[in-house]
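A.B. asks: Please model the entire structure based on the sequences and the hints provided.
Protein chains in written order, with our numbering: chain A, 24 to 134; chain B, 39 to 154.
Calculated from the structure, these hints are not laboratory results.
Wrong hints could be hidden among the right ones.
[Unchecked claim] In silico DMTMM-like pairs for lysine to aspartate or glutamate, Cα to Cα no more than 25 Å straight-line:
# : chain 1 : residue 1 : chain 2 : residue 2
1 : A       : 65        : B       : 62
2 : A       : 121       : B       : 141
3 : A       : 91        : B       : 62
4 : B       : 78        : A       : 79
5 : A       : 121       : B       : 94
[Said to hold, decoys possible] Derived CB-CB ranges, DEER-like:
#  : chain 1 : residue 1 : chain 2 : residue 2 : range
6  : A       : 75        : B       : 66        : 23 to 33 Å
7  : A       : 77        : B       : 121       : 37 to 47 Å
8  : A       : 102       : B       : 54        : 49 to 59 Å
9  : B       : 111       : A       : 99        : 36 to 46 Å
10 : B       : 47        : A       : 131       : 17 to 27 Å
11 : A       : 30        : B       : 77        : 13 to 23 Å
12 : B       : 66        : A       : 133       : 21 to 31 Å
13 : A       : 79        : B       : 93        : 38 to 48 Å
14 : A       : 37        : B       : 77        : 23 to 33 Å
15 : A       : 77        : B       : 66        : 35 to 45 Å
[What the hints assert, rightly or not] What the simulated footprint calls covered on chain A by chain B, stretch by stretch (three residues with Cβ under 8 Å from a Cβ of chain B suffice, anywhere in the stretch; the number is not a length):
#  : segment
16 : 88-102
17 : 124-132
Predicted model only: the values in this text are computed from it and were never measured.
A virtual CB, placed ideally from N, CA and C, is assigned to each residue, including glycine.
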Amino acid sequence: KQEVTQIPAALSVPEGENLVLNCSFTDSAIYNLQWFRQDPGKGLTSLLLIQSSQREQTSGRLNASLDKSSGRSTLYIAASQPGDSATYLCAPRGQGGKLIFGQGTELSVKP
Amino acid sequence: ETGVTQTPRHLVMGMTNKKSLKCEQHLGHNAMYWYKQSAKKPLELMFVYSLEERVENNSVPSRFSPECPNSSHLFLHLHTLQPEDSALYLCASSQDLTAARPDTQYFGPGTRLTVL
Numbered sequence: 024k025q026e027v028t029q030i031p032a033a034l035s036v037p038e039g040e041n042l043v044l045n046c047s048f049t050d051s052a053i054y055n056l057q058w059f060r061q062d063p064g065k066g067l068t069s070l071l072l073i074q075s076s077q078r079e080q081t082s083g084r085l086n087a088s089l090d091k092s093s094g095r096s097t098l099y100i101a102a103s104q105p106g107d108s109a110t111y112l113c114a115p116r117g118q119g120g121k122l123i124f125g126q127g128t129e130l131s132v133k134p
Numbered sequence: 039e040t041g042v043t044q045t046p047r048h049l050v051m052g053m054t055n056k057k058s059l060k061c062e063q064h065l066g067h068n069a070m071y072w073y074k075q076s077a078k079k080p081l082e083l084m085f086v087y088s089l090e091e092r093v094e095n096n097s098v099p100s101r102f103s104p105e106c107p108n109s110s111h112l113f114l115h116l117h118t119l120q121p122e123d124s125a126l127y128l129c130a131s132s133q134d135l136t137a138a139r140p141d142t143q144y145f146g147p148g149t150r151l152t153v154l
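C.D. replies: Shown next as structure tokens:
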């Protein structure tokens with residue numbers, strides 16, 4: 024059974040810092056992995072999707088890496104801004120399109 | 039309207055009520071999902087539909103009954119719920135369930151359910 028762990032659970036930083044959010048998963052037999060953002064009480068917004076054959080994906084200030092064999096993914100946020108404050112969720116995708124979610128990292132970026 | 043929409047956004051119901059949650063996707067997708075998000079817990083997959091056929095029922099109690107009348111609409115019928123069923127219920131869609139495709143799931147804003 025796939026288990027996903029995200030570290031840290033919460034993070035508070037001043038504006039402008041570069042951040043690293045970590046995700047680990049126990050079953051490396053995945054097809055891809057998605058990173059999502061969730062604002063309080065709202066739905067999820069997809070940020071990046073990395074295929075199992077890829078090592079990283081970039082979108083603007085976001086860069087996600089994937090090391091499938093060791094069961095790890097990292098989300099790097101450059102030059103953080105207050106608008107980045109949200110909960111970040113990682114979800115590897117296994118058989119049948121099933122996403123398994125971690126509990127998330129709650130990020131707060133202070134002006 | 040674009041993306042994935044859910045109604046109602048908020049719902050308060052008693053344990054003896056019957057209500058339904060509605061999800062609609064305007065993306066031409068073939069797969070739709072119901073997730074439950076309780077406080078301090080990871081999102082839990084409840085049901086998966088592909089081309090209007092249920093392909094996954096993740097050990098969900100029978101007081102939750104899904105319905106997918108067509109590929110654009112998904113319902114979750116609620117009956118005799120318990121207070122511990124209070125949660126954010128999220129609907130999502132994706133192009134299909136084929137593993138070979140780079141397939142992003144798109145989520146709706148959710149329905150915040152409170153069971154009294």
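A.B. asks: Work down the list of hints and note, for each, if the structure agrees.
C.D. replies: Evaluation of the provided hints:
1. A:65 to B:62: With a Cα-Cα distance of about 16 Å, the restraint between residue 65 (chain A) and residue 62 (chain B) holds, given a limit of 25 Å.
2. A:121 to B:141: Distance of about 11 Å is within 25 Å: holds.
3. A:91 to B:62: Violated, at roughly 34 Å.
4. B:78 to A:79: violated (29 Å)
5. A:121 to B:94: holds (9 Å)
6. A:75 to B:66: 23 to 33 Å: Once the Cβ atoms are compared, 25 Å apart, the range 23 to 33 Å for residue 66 (chain B) and residue 75 (chain A) holds.
7. A:77 to B:121: 37 to 47 Å: The hinted range 37 to 47 Å holds for residue 77 (chain A) and residue 121 (chain B), with Cβ atoms some 44 Å apart.
8. A:102 to B:54: 49 to 59 Å: holds (53 Å)
9. B:111 to A:99: 36 to 46 Å: The hint (36 to 46 Å, Cβ to Cβ) holds, given that residue 111 (chain B) and residue 99 (chain A) are roughly 38 Å apart.
10. B:47 to A:131: 17 to 27 Å: holds (25 Å)
11. A:30 to B:77: 13 to 23 Å: At 20 Å between Cβs, range holds.
12. B:66 to A:133: 21 to 31 Å: violated (41 Å)
13. A:79 to B:93: 38 to 48 Å: violated (31 Å)
14. A:37 to B:77: 23 to 33 Å: At roughly 28 Å between Cβ atoms, residue 77 (chain B) and residue 37 (chain A) fall inside 23 to 33 Å, so the hint holds.
15. A:77 to B:66: 35 to 45 Å: 26 Å Cβ-Cβ, so the 35 to 45 Å window is violated.
16. 88-102: violated (count 0)
17. 124-132: With 4 residues closer than 8 Å to chain B, the segment 124-132 of chain A meets the three-residue bar; holds.
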